[in-house]
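Asker: Using the working numbering, read the sequence shown as starting at 25 and increasing by one per residue.
I should point out that these hints are in silico values taken from the structure, not numbers from a laboratory.
Any given hint could turn out to be false.
To be verified - Pair by pair, the computed Cβ-Cβ distance ranges are:
no., residue 1, residue 2, range
1, Tyr170, Gln53, 39 to 47 Å
2, Asp316, Leu278, 16 to 24 Å
3, Asn260, Arg64, 15 to 23 Å
4, Ala54, Gln254, 38 to 46 Å
5, Gly83, Asp286, 15 to 23 Å
6, Arg64, Pro327, 28 to 36 Å
7, Ala289, Arg139, 39 to 47 Å
8, Gly310, Thr177, 40 to 48 Å
9, Glu73, Gly118, 18 to 26 Å
10, Gln293, Glu39, 19 to 27 Å
Claimed, not checked - Here are the simulated PhoX-like cross-link-like pairs (lysine-lysine), alpha carbons at most 25 Å apart as the crow flies:
no., residue 1, residue 2
11, Lys107, Lys89
12, Lys89, Lys42
13, Lys107, Lys26
14, Lys26, Lys169
Glycine included, every Cβ here is placed at the ideal spot set by N, Cα and C.
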Amino acid sequence: MKIRLGFGLLNYPFEDGKGFFRWVEMLEQAGVDSVWQSDRLISSDNYLESLSALASLAGCTEKIKFGMNAIVAPLRDPLVLAKQCATIDYLSGGRLLPMFGVGYPKAAEWEATGRSSDHRGSKANEMFHLMSRLWSEESVTFEGKYYQYKNATIAPRPVQQPLPLWIGGSSNAAINRTGVLGSGWIGGITSPEDVNRVILGIKAKAKEVGRTIDDDHYGTSIGFRIGTPQDDAVVNSPFVKRTGIGENLDLNPLFAIGTPQDIIARIQQYIAAGASKFVMFPIASGEADMIDQTRRVVAEIKPAIEN
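Can you build the whole structure from these sequences, using the hints too?
Answerer: Set out below in structure tokens:
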């Protein structure tokens, strides 16, 4: 099982777009496996639109892979979404890691876009069937309950054939969805015990339907800080405030806060749970702190974990 570290953003700490590209260039030069862009259409915090951001990375990087963590599929049109993913994968030479979820039922995006969160799981299942066909077939006619297309074609198609379909979520429905349709799974910021439960469930469902998923295609997200729970970056983190977690973060399994050795030990707990791909989310205050946290992981944690 190959262990790989990637990076994502809990919030946007950069003063402008150039800061984001400087950070990505640092990841590319350091040989980091992947970079992941969170997707929130409605937010008072700064979030880049994920597909637009990844399209820009296709042109300014050469090796690093990139994905969205994770797009809420039922908020998007499946044909447009399939076309966007195919274009980004084509322009990047096959480096896109498309990841999707069904979203939270009370998220602001549903009301803001005039959509109902009802049946979002069923809609997502239909979308994934449809998009997988659009990425690989010459012409697609699809008659579903929610989506209907006649002789739909997208070109150029993705370089990766098949284009992987990463799925998020930890509910029983998400487990079954990944086992039946997914190429891989990455958890949100959750505990090693929950990661193990989901991975075992996905493997069981995949076996039930006669499928296998590569052991390298299970992962999770980790919110981390090399420092202490009392650091201003933790106390004032928009993500920490949003989750409502404010006390005893050093004891909370959702975060890895401490010395590099503490964070290595936490990652090893997830490896023991079956995860091999990690999206590291620095809890940082401003661009300089973000760069420093990233550099320290690359120098002090990445070699110990990946080797």
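Asker: Now look at each hint and say whether the structure bears it out.
Answerer: Hints, verified against the model:
1. Tyr170 x Gln53: 39 to 47 Å: holds (44 Å)
2. Asp316 x Leu278: 16 to 24 Å: holds (23 Å)
3. Asn260 x Arg64: 15 to 23 Å: holds (19 Å)
4. Ala54 x Gln254: 38 to 46 Å: With Cβ atoms ~29 Å apart, the hint is violated.
5. Gly83 x Asp286: 15 to 23 Å: violated (38 Å)
6. Arg64 x Pro327: 28 to 36 Å: holds (33 Å)
7. Ala289 x Arg139: 39 to 47 Å: holds (43 Å)
8. Gly310 x Thr177: 40 to 48 Å: holds (46 Å)
9. Glu73 x Gly118: 18 to 26 Å: The hinted range 18 to 26 Å holds for Glu73 and Gly118, with Cβ atoms some 22 Å apart.
10. Gln293 x Glu39: 19 to 27 Å: Check failed, 35 Å falls outside 19 to 27 Å.
11. Lys107 x Lys89: holds (19 Å)
12. Lys89 x Lys42: holds (19 Å)
13. Lys107 x Lys26: violated (31 Å)
14. Lys26 x Lys169: violated (40 Å)
Going down the numbered hints, you'll see the structure goes against 4, 5, 10, 13, 14, while the others check out.
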